[in-house]
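These protein sequence lines are chains B and C, in that order. First residue of the first sequence? That's 1 in the numbering used here, and the numbers climb one at a time after it. First residue of the second sequence? That's 1 in the numbering used here, and the numbers climb one at a time after it.
In case anyone wonders, no lab produced these hints; they're calculated from the structure. Hints are not guaranteed to be accurate.
As the list claims (entries may be wrong) - Short, incomplete list of chain B residues facing chain C, as computed with Cβ under 7 Å:
id	residue
1	15
2	40
3	54
Quick reminder that beta carbons are idealized off the backbone N, C-alpha and C, glycines included.
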Amino acid sequence: MTTERILCPTRGGRRSFPNQDRAIALAKERGAELVFLHISNVHFLDMTASPVLVDIEGELEEMGEFLLTIAQERAEKAGVEAEIVVRHGEFGKVLRQVIAEYAISLVVLGRSAGGAGVTTPAYIEALSEKLSKELGIDFVVVHEGEIQREYHGSQDDR
Amino acid sequence: MTRSHRKAMQLTVLLGLAIVLGLAAALYWRPGAAQEEIQGFLISGEVRDVQGQPVQGVQVAAWTTSGDEPLAEVESQEDGSWALILPGAPISQLRVEITRPHFSPYTVTLEQPELQQLISERIYRVGAVTLERQITPGFWVAALVFLGVLLLIAFEKLHSTTAALAGLSLIFVVSYVGGAFNPGWFIFTFERGLEYMDWEVIFLVMGMMIIVNVIEGTGIFQWMAFQAYRLSRGRSWLLALILMGVTAVASALLDNFTTMLLMTPISLQIAVALGINPLALIIPEVLASNVGGISTLVGTPTNILIGAYAGIGFNDFLINQTAGVLLALAAMGGYVLYHYRAEYRKQGGGISRKLYKKLEKNAGLENREALWKSGVVFLLVLAGFILGESVQMVPAVPALVGAAMLLIWLKPDVHQMIKAVDWTTLVFFMALFIVVGAIQEVGLISIIAGRVSTLIGDNLVLGVFVVVFGVGTISTAIANIPLAASMLPIVRFLSATIPGANSQVLYYALSMGAAMGGNGLLIGGEANLVTAGITQQTDSPISFGEFLKVGLPVTYITLTVGFLWLLIRF
Chain B
1 MTTERILCPT RGGRRSFPNQ DRAIALAKER GAELVFLHIS NVHFLDMTAS PVLVDIEGEL
61 EEMGEFLLTI AQERAEKAGV EAEIVVRHGE FGKVLRQVIA EYAISLVVLG RSAGGAGVTT
121 PAYIEALSEK LSKELGIDFV VVHEGEIQRE YHGSQDDR
Chain C
1 MTRSHRKAMQ LTVLLGLAIV LGLAAALYWR PGAAQEEIQG FLISGEVRDV QGQPVQGVQV
61 AAWTTSGDEP LAEVESQEDG SWALILPGAP ISQLRVEITR PHFSPYTVTL EQPELQQLIS
121 ERIYRVGAVT LERQITPGFW VAALVFLGVL LLIAFEKLHS TTAALAGLSL IFVVSYVGGA
181 FNPGWFIFTF ERGLEYMDWE VIFLVMGMMI IVNVIEGTGI FQWMAFQAYR LSRGRSWLLA
241 LILMGVTAVA SALLDNFTTM LLMTPISLQI AVALGINPLA LIIPEVLASN VGGISTLVGT
301 PTNILIGAYA GIGFNDFLIN QTAGVLLALA AMGGYVLYHY RAEYRKQGGG ISRKLYKKLE
361 KNAGLENREA LWKSGVVFLL VLAGFILGES VQMVPAVPAL VGAAMLLIWL KPDVHQMIKA
421 VDWTTLVFFM ALFIVVGAIQ EVGLISIIAG RVSTLIGDNL VLGVFVVVFG VGTISTAIAN
481 IPLAASMLPI VRFLSATIPG ANSQVLYYAL SMGAAMGGNG LLIGGEANLV TAGITQQTDS
541 PISFGEFLKV GLPVTYITLT VGFLWLLIRF
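Start from the sequences, fold in the hints, and give me the full structure.
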């Protein structure tokens, strides 16, 4: 029997801890493995006139790994096995790829605490609803560690 | 010593010798002055605009009353002077027509007394002629295109290079197509547009891109940031000051955009390790990078533009600007410590050994061989900047020599290295030069310069104040490269008209205003935007308001220090 896998896309850092904690709690409750995912996107360089002489994707990858290692250590401290994945690209697209690649059954998605995230709650809800129907897996939308909404596969939300 | 080390040492000595020999040869070589004997009858004069500035490229033609073709034609020089040589003695009335697009034509008629003087002395001086500006439809097109390009860049509606290219295309289309139907629409020819291109800037930026690309790959700046973390032993305030210093020095030697691309990810990790808000380290760094860059010629694109335009060398920036920049950085450091005092008092719980090792690895030196080789070449390039001035060697030459040395010595993948040259940036500069050239050509710059000159009068202190704070304030929202490029002709005009301004103080004022003003708003500089972009990949994004709270006070503190420094220095 394969172990269930929960995916927690996170930006890392202290403001992400409450949502990470919720994912850790859900993983513990279900006896699932946790996959922390950091997605970076260098679209912000598209409008610059200055030369990009740095392997910025490489730098962001190292940064993402560092931030996710903190999340991994916190999960392991709580007795949950966690894996870390760092990717680049458009958020929705990469999310789809990782869900398929790691056979994810539940995604815990939310904004960082204190309104610090760059995505809006409406975007997160719309994406969760769309992907849960499209991929037939569960999504839990969280904010500051509290569950806001759940989307179950191709069924209607509760 | 291994064979490869011996070979490397020999190559270093040879390259060093080549540079020294090159400098010596340039020092002792003097071209012989061409001796020309004037044949015929000479009519000379000079052309100025209403502000008394010389006008270059004016067509001057001598006509007889009956002739279908001019007896002689010539273009005025950079200093506005012109000299017509008539092959034979004129016998009847002579007309000298002085014309240039965007100016009202002027005619000088030589009657018998003047002709007699010309025949007897074989020379006649017309004297200075003042041409009046003409506001043509081409004037409005050039002005609107320039404004449009600025707005497209400011609001990020188009990539800067695309915006500048679209602008120059429109200028040439209107000039050629519109100008064919109505001369009033003409702005300038393609050839005239190319004359506004500053190739020294292009080659200096290109050479530095190759050098920076090698240096950045060594991980030296990330390593320095990690050493700062170790040295500060958990004292966040000390770490912030050291990181500001590292960033300022790195910006002075490379460029602030690249510096922030390198420093932001590692600083963010260090802040997380310390348990403080990453912005308390990163925002001071970006502020320091914007200011630190102006201490040298190669630290910012605006300094490169100013240096090439005004002939201000590497040493001039070091002598006249570096101390002022250090004072401004000290004042900035004081404000930053005050602003983030609560954050710096926080004590984090520390990080695990695993995380510490990861941080150490992320900040490690990546290619020690490339590091020492690029270090040697970079020092030679710096020496070239400093010593080259004595032989009138422009800074682009040591930069290109250094780039070539690295390509020969390190033998990197040349295709990869040439790809490292960011052509979009170089094309942006080229297109921008032509767009700014268009507003110069039609007289917009001259009109603005005249108005500013009327405001300032003969008061140099007021001039420095207006340039430092005026440019500084505009630069909070407008990209400083196009701003500096368009301000240069204005500053040249002011430097020529305000008593005492020939010390080039106004160019230094422009450098300080353009760079320090970039700290005012998040949109004020590309280093700010790219830093914000990187922080958006984490849960601590820099918001417009957060940046404003620190950046705006720092802007006016540093502008004040810079202004006072220029008053003391000049």
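Going through the hints against the structure:
no., hint, verdict
1, 15, "holds, 4 Å"
2, 40, "holds, 4 Å"
3, 54, "holds, 4 Å"
Hint compliance for this structure: no hint is broken.
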